[in-house]
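These are the residues of each chain, in order.
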Amino acid sequence: MKINDVILRTVTKAVVFIILTLGVYLFFAGHHAPGGGFIGGLVLASGIVLLYLAYDIETVHKGMPFDFKKVAALGVLLATGTAVGSLFFDVPFLTQTHTYIDVPIFGKMGFSTVTIFEAGVALTVVGVVVTIILSISEDE
Amino acid sequence: MIENVLLLALALFSVSIALSLYRVIRGPSMPDRAIALDTIGINLLSSIAIVSIVLQTKAYLEAILILGILAFIGTIAFTKYIERGVIVERKSND
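Chains as they are written, first to last, in the numbering used here: chain A, 574 to 713; chain B, 189 to 282.
These are computed hints drawn from the structure, not numbers from a lab.
Treat the numbers as computed from the prediction; the structure is a model and nothing was measured.
The C-beta atom is built at its ideal place from N, Cα and C for all residues, glycine as well.
Mixed in with the good hints, there may be bad ones.
Okay, the calculated bits of chain B under chain A, using three or more residues with CB under 8 Å as the criterion [as the list claims (entries may be wrong)]: (1) 254-265; (2) 269-279.
25 Å max Cα-Cα, derived BS3-like pairs, lysine-lysine [said to hold, decoys possible]: (3) 586(A) - 268(B); (4) 268(B) - 279(B); (5) 635(A) - 268(B); (6) 643(A) - 681(A); (7) 635(A) - 279(B); (8) 643(A) - 279(B); (9) 586(A) - 279(B); (10) 642(A) - 246(B).
Take a look, some chain B residues computed to stay more than 12 Å from chain A by CB distance [what the hints assert, rightly or not]: (11) 192; (12) 197; (13) 199; (14) 209; (15) 211; (16) 212; (17) 214; (18) 216; (19) 224; (20) 230; (21) 238; (22) 244; (23) 249; (24) 251.
Full structure from sequences and hints, please.
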C-alpha cells in the first residue's frame, strides 16, 4: 500500500529551516544569554531528526553525505584542540581569550576563542545524538 | 487584577494538564495517548508563557520555542510509529 504523506513533507520543508535558524541563534546567544554549544547542538540535531522522520535515510544521506560518527570525532578534536592550544602560550590548560576588533560594517565586535570550543561541543552533540537516534530506530 | 487573572489561568492550565495525564495513563487506544501527550506539551508551553508574564522576564522565550519544536517532533514520531510500526525508514519507497 502506498502511503501519502505530502502534508508531513511540505510542513517539514518549511519547519526545518526555522529549527536550524533557532539552533544557530542559540549557539551564538550562549555568550551572554541562555544558550550555547550544547543546546544549539541539540536543536540542530532535532532538526536533522525531523528530516529523517519525514523522509528516509537514503534520501537524507544523498543531501547530507556525512558520517555522523566522524562529525562527533571532529567536534571532540576541535574542542580539545583549543584546550591544548592554550598550552603553547604558557597559560593553564583550557584558558580562553577574547578581543575586540573593528569590523567595517558592523563596527566593534567581540571575538573569543570560546566560540571555537563551543563549535566543537555543538558538532559533538549533533554527531552523537543523530548516531544514537539512527541506531535505536533501526528496523532489524 | 491582572495578577489574579494570570494566577487563575495557571491553575486552570494545571487542571487541564492533570486531565490530559489521566488520558495518557488510562487512554483506551494509542492514538488517544499521542493526542493527550501533544495536549500536555501545548498546555505546558502556555503555562510557561504565563509564568514569564508573571515574573516579567524574557528568559523563558527560548524554552517556549524549544518545547514547541520538541512537542511537534514527538507527536510526529508517535503517530508515525502507530501508523507504520517503523520510525525511520531505510529506503525511499516511491
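Cross-check of the supplied hints:
1. As drawn, the region 254-265 of chain B meets chain A at 7 residues by the rule of a beta-carbon pair under 8 Å; at three or more, the given contact holds.
2. Check on the region 269-279 of chain B: 8 of its residues sit with their Cβ under 8 Å from a Cβ of chain A, so the three-residue criterion for coverage holds.
3. For the hint linking residue 586(A) to residue 268(B), the alpha-carbon distance of about 17 Å falls within 25 Å, and the restraint holds.
4. Distance restraint check for residue 268(B) and residue 279(B): the Cα-Cα separation of roughly 16 Å lies within the 25 Å cut-off, and the hinted pair is therefore satisfied.
5. Distance restraint check for residue 635(A) and residue 268(B): the Cα-Cα separation of roughly 22 Å lies within the 25 Å cut-off, and the hinted pair is therefore satisfied.
6. Only pairs whose Cα atoms come within 25 Å are accepted, and residue 643(A) paired with residue 681(A) is rejected, the gap being roughly 36 Å.
7. Distance check on the hinted pair: residue 635(A) and residue 279(B) sit about 12 Å apart at the alpha-carbon level, within 25 Å; holds.
8. Under the criterion of a C-alpha separation no larger than 25 Å, the hint pairing residue 643(A) with residue 279(B) is consistent with the structure, at around 22 Å.
9. Simply put, residue 586(A) and residue 279(B) have alpha-carbon atoms about 19 Å apart, close enough for the 25 Å limit, and the pair holds.
10. For a cut-off of 25 Å, the pair hint linking residue 642(A) to residue 246(B) is broken: about 36 Å separates their Cα positions.
11. Against the 12 Å criterion, residue 192(B) stays outside the reach of chain A, whose nearest CB is about 29 Å from its own CB.
12. The beta carbon of residue 197(B) is kept farther than 12 Å from every beta carbon of chain A, the shortest such distance being approximately 24 Å.
13. The claim that residue 199(B) is not at the interface with chain A holds, since no C-beta of that chain comes within 12 Å of its own (minimum 27 Å).
14. Taking the minimum C-beta to C-beta distance to chain A, about 24 Å, the non-interface status of residue 209(B) holds against the 12 Å cut.
15. The beta carbon of residue 211(B) sits about 24 Å from the closest Cβ of chain A, which is more than 12 Å, so the claim that it is off the interface holds.
16. Listed as a non-interface residue, residue 212(B) keeps its Cβ farther than 12 Å from every Cβ of chain A; the least gap is roughly 21 Å.
17. Every C-beta of chain A lies more than 12 Å from that of residue 214(B), the closest at about 28 Å, which supports listing it as non-interface.
18. No beta-carbon of chain A is positioned within 12 Å of the beta-carbon of residue 216(B); the least distance is around 25 Å.
19. Listed as outside the interface, residue 224(B) is consistent with that label: its C-beta sits roughly 20 Å from the nearest C-beta of chain A, beyond the 12 Å cut-off.
20. Listed as a non-interface residue, residue 230(B) keeps its Cβ farther than 12 Å from every Cβ of chain A; the least gap is roughly 16 Å.
21. The Cβ of residue 238(B) sits about 19 Å from the closest Cβ of chain A, beyond the 12 Å cut-off, so the non-interface label holds.
22. With a cut of 12 Å on Cβ distances, residue 244(B) stays outside the contact zone with chain A, its closest approach being about 17 Å.
23. Distance to chain A contradicts residue 249(B) as a non-interface residue, since its nearest Cβ pair spans about 9 Å, not more than 12 Å.
24. With a cut of 12 Å on Cβ distances, residue 251(B) falls inside the contact zone with chain A, its closest approach being about 8 Å.
Going through the hint list in order, the structure does not satisfy hints 6, 10, 23, 24.
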